[in-house]
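Asker: Sequence:
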Amino acid sequence: MTKLLIPKIKYLIFIFGCLFFFSLAFSLVAQAAVLDEQVNFFVDSKYDFDNRNQLTATLRAIGNNVYFYVDNQYYNQLNGTYKNGLREKLEELANEFDTVIYPKLRTVYGSEWSPGIDNDTRITVLVSQLTNSAGGYINIYDAYPKSTITTSNEREMIYLNALNIFNSNNKTFLAHEFQHLITLYQKGILRSLEEEIWLNEARSEYAPTICGYDDVYNNSYLADRVGTFLDSPSDSLTEWKNEISDYGVVNTFIHYLVAHYGKEILTRMILNDQVGMASINQALSSLGYSETFSDVFANWTIASYLNNCNISSDNKYCYLNNNLNYNNLHVDYSASYSGFPNLIVSRSSSVKDWTSYWYRFRQSGAVSTDRNTLKLEFEGLGNKSNFRVPYIVSGYNTPTTVNYISLEDQKGTIYIPDFTSLDKSVIIMPFNQYKLGGFGSNELSTLFSFTASSITEDEVVIEDNEEEIELPSYPEGSLLRAKGDYKVYIIKNNYKRWIQTAEIFNNYGHLSWDDIIDVDLNILNSYQEAWLIRADGDKRVYELNADGTKHWINMTAEQFTLTGHLWDMVYIVNDWERDFYTTGVDVMFE
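For the sequence shown, the numbering used here gives the first residue as -18, with consecutive numbering after it.
The reader is advised that the hints may include incorrect statements.
[Unchecked claim] DEER-style ranges, computed between Cβ atoms:
id, residue 1, residue 2, range
1, V442, K365, 25 to 31 angstroms
2, N223, L547, 44 to 50 angstroms
3, N488, S329, 52 to 58 angstroms
4, D466, N76, 46 to 52 angstroms
[Stated by the list, open to error] Calculated lysine-lysine pairs in the BS3-like style (CA-CA distance at most 25 angstroms, straight line):
id, residue 1, residue 2
5, K27, K127
6, K152, K244
7, K531, K473
8, K520, K473
9, K365, K416
10, K416, K333
11, K392, K365
12, K222, K365
13, K356, K392
14, K365, K333
15, K244, K468
16, K222, K27
17, K520, K531
18, K85, K70
19, K85, K244
No lab work stands behind these hints, which were simulated from the structure alone. Glycine included, each C-beta is placed from N, C-alpha and C at the ideal position.
Full structure from sequences and hints, please.
Answerer: Printed below as a string of structure tokens:
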């Protein structure tokens, strides 16, 4: 796969203080720029192809909201055909900026500084030849007057690599950089905050999607970033080395986040008075969600492996994006261990904060043995250990489930029954969440270890901390709700089914809101989630999705069982509820 040039950003650490008000007083009435005028610009020698720190450029295109200047040295080496082609491309890009990038990104992210230090509502884009690895950058020093920073260009300004102007993805680079310009104003100038680089980059990575540039997936910016992610899925989300792998991770994470919480999450995080994951937590809370950044990270890690909307009734283990379906996006395991019951696996490793790994344990085939239980022990090591360990259990004749290893003092053990006889597979996904902000380019790692072995049922030890407190046995038909949550579930044996709307609830005359029992979350979690229904008198079984759709499981009874479905999970509903859901595509046997 051809890699896009990496848009490197020069985001300097600087707190703005009273810059905004000072610059308002400083600015004079701007004189409108005219085509073909020449201006001397300061540039960053690190990114300039010839290591220059100054150049002269000519204004080649003007939009309603943007000026495009082109480096004279680059322009003069072009022949007549390419000069005309460059002008046409810049005029197209100016129109694209005015009609798509500018209005759409400002709607979601807020405005850039306008009219800004130059008292001009148009931003400036300087096109020059940068190093091959640089797609573009901004320099926050340009927001200062020359009396403070002598190398300031005193403009709201973006630097683009001339090599990308003839690239079909040129507008994606411009959108990417414009988000940085908006963040510079919203966080740096207005609020005197320094945004975490990883989150600033993540918002810029989502900018092309906001503009509709990723709607057609093949050969898109998004497709390239997904390829990058699949090449290096275990790159830290928060450590920023400015390497291509960094972009793949933040891109897929932000797409997962927005798919599940809406574009408003972007608006809330950039317009609040926090940075990094604290800004995401505040945005989630302000939108009424109980999840935290840690929960989102865990669900994203799980979704990156499963990418299956049918595993959970709220679809949290998939990307909810037609372009980011399982065929296009799912990671492989980081390491796999088989050979049970004769194998004992013991491994120690280290991981940087907010990094995903997927360790698989599986049997090569069903085996009859008295050591039929997989015992998995996990321990986080050191004083910076704060691990969470989600895990997935799946098998040919068992439904896929997701749970967490309960840790006390960073130690925990789980037991997977029928591991060998039912040929189950277990994936553990440990991640450390010790550090919450102030991330740099070289973060420390934290040690952990795990051991996997096969044991008999008699060897299973129920630890005191695993809350073997007698969980109440609620009768079939009981209505349960976790304390502080709104979701109401109806109980059947060991299963719970979410009643998705009040309208559905009220349609059953025997159900009463007064009968709802508020319970601790651990009690509710002791019931397995069910999402299968059939109407009384109708043999067709449907899978329900949280989006209000039903999908007929169009297969034989044998195929139903082979695909891991269980008949005990099927709830009987009335015709009205069955017909209430929108009919989606059938679930077929593959």
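Asker: Provide an ascending list of the numbers of those earlier hints which the structure does not satisfy.
Answerer: none
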